[in-house]
Amino acid sequence: MRRTLLLIPHEIAGIPIFGIGWLLGLIVIALVVRLVIAKRSGQSLGQSVGGEILMWGIVAAAVVFVLPAVELKTAHGEPVGMAIRGYGVMLLAGVSSAVGLAAYRAKNRNIDPDVIYSLAPWVFVGGIAGARIFYLVQYRDKFQWDSIGWYMRNLFSFTEGGLVVYGSFIGGFLAGVFFITRHKLPLLRLGDAIIPCMFLGVFLGRIGCLMNGCCYGGRCEDGWAALRFPAGSAVYGEQLADGELLGLDVHPLTGRIENVHSGSLAAQAGIEPGSSFDGVQLDPIPLADAPHDLPVEEILPGITATVDGRTYRWSPSELPKSALPVQAAQLISSISALTLCLLLCGLSYVFRKEGAIMMLGFAGYATLRFILEMVRVDEAGQFGTLLTISQWVSVVVFLLSAAGMIWVYRRPSTGSALPGPDPA
2 MRRTLLLIPH EIAGIPIFGI GWLLGLIVIA LVVRLVIAKR SGQSLGQSVG GEILMWGIVA
62 AAVVFVLPAV ELKTAHGEPV GMAIRGYGVM LLAGVSSAVG LAAYRAKNRN IDPDVIYSLA
122 PWVFVGGIAG ARIFYLVQYR DKFQWDSIGW YMRNLFSFTE GGLVVYGSFI GGFLAGVFFI
182 TRHKLPLLRL GDAIIPCMFL GVFLGRIGCL MNGCCYGGRC EDGWAALRFP AGSAVYGEQL
242 ADGELLGLDV HPLTGRIENV HSGSLAAQAG IEPGSSFDGV QLDPIPLADA PHDLPVEEIL
302 PGITATVDGR TYRWSPSELP KSALPVQAAQ LISSISALTL CLLLCGLSYV FRKEGAIMML
362 GFAGYATLRF ILEMVRVDEA GQFGTLLTIS QWVSVVVFLL SAAGMIWVYR RPSTGSALPG
422 PDPA
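Going by my numbering, the sequence shown runs without a break in its numbering and finishes at 425.
There's no promise every hint is true.
For each label pair, taking beta carbons as the anchor points, the in silico distance ranges come out as [said to hold, decoys possible]:
1. 63 to 353: 43 to 51 angstroms
2. 105 to 332: 47 to 55 angstroms
3. 85 to 318: 25 to 33 angstroms
4. 21 to 310: 30 to 38 angstroms
5. 332 to 310: 54 to 62 angstroms
6. 109 to 188: 12 to 20 angstroms
7. 15 to 233: 28 to 36 angstroms
Hints are computed from structural coordinates only; laboratory data are not their basis. Quick caveat: nothing in here was measured; it's all calculated off a predicted structure. Beta carbons: idealized from backbone N, C-alpha and C, even for Gly.
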């Protein structure tokens, strides 16, 4: 796990990088260079930057107002710098590689690669919006819905995680269908070119999940295939909350402690089986003791646990350095997605009917995701069953894909080279 790949410092030589500082200065220099080049080419001021003034203004406003607001801060509110997240980097790597492969596959199918490059922004924006909305709805119980403004702010906070693959498929598919319909392009042939490439994006995106510490698997015995996430990770917090990391086996319904593991923190504190476990609360360190040079997210709190009405306290230094081992769900998902991508690319030479590869891709991912949900433990059952929301969606997608495959092989064949879409 490595959430932050790089931390851009708040300031250099006493001057801020963001806001009114170095980056804004570079933008001004770039604008001056642009004007000088335009003047030497004989263009007037209006001709050179008239159509670009809005873009320059948006970039400058983002540097002055937006970027300082998203800098990491200490517990005292002092800015530390801008975090470049591993999840966001792998997300962009996944998108870039998927678009590149899609353009290559499109060219081999007599499709102008410019179609892919024009379609990609629509699918990307629709996919991100769909993935984020799906996440906020699926995990709505974790958030306090203060207002529409709160919802819109959190909708775009995706570079640190909080995206659901199925949501991205739905949002990206709808956006893609809109673009394809608008430009009167054949959906099935484009789908055959694009769908395998999406799983290349999932392959890299799941590596981002591993770096972020999300989408983890269930508890398992320690071994070469197990993962241990550090303090501060989501699974670490979950294991603390249910008492497992303290050495407690707690009945999920009654809260009764069924077992206390020998040598654990709970055993050392004298907690015994049969007691009532009333939960764990965070015990933040006093503000006066908080370091001035670390982001608040890196300052680990202690905890208090209430057992039979008695409070037990552990400081950050007394708590375990890592979570208990869990199954490597992210790696399993990543390798499965890459395998599906390669398999679909190979089957493209076997299934020549337009739309067949697209339907196989949907059905294949639905099958893999249904199985993967048996490894993961970060989603609860829905509709009174043990099936997670992703498993329910997988069932629906598989059935629709099967019906779609039947329809594909019953429809008459068509084929023609695709022109590039208009710029509009």
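Going down the list of hints, with the structure as the test:
1. 63 to 353: 43 to 51 angstroms: holds, 47 angstroms
2. 105 to 332: 47 to 55 angstroms: violated, 27 angstroms
3. 85 to 318: 25 to 33 angstroms: The hinted range 25 to 33 angstroms holds for residue 85 and residue 318, with Cβ atoms some 29 angstroms apart.
4. 21 to 310: 30 to 38 angstroms: For residue 310 against residue 21, whose Cβ atoms are near 55 angstroms apart, the range 30 to 38 angstroms is violated.
5. 332 to 310: 54 to 62 angstroms: violated, 43 angstroms
6. 109 to 188: 12 to 20 angstroms: At 18 angstroms between Cβs, range holds.
7. 15 to 233: 28 to 36 angstroms: holds, 31 angstroms
Consistency with the previously given hints fails for numbers 2, 4 and 5, ordered from lowest to highest.
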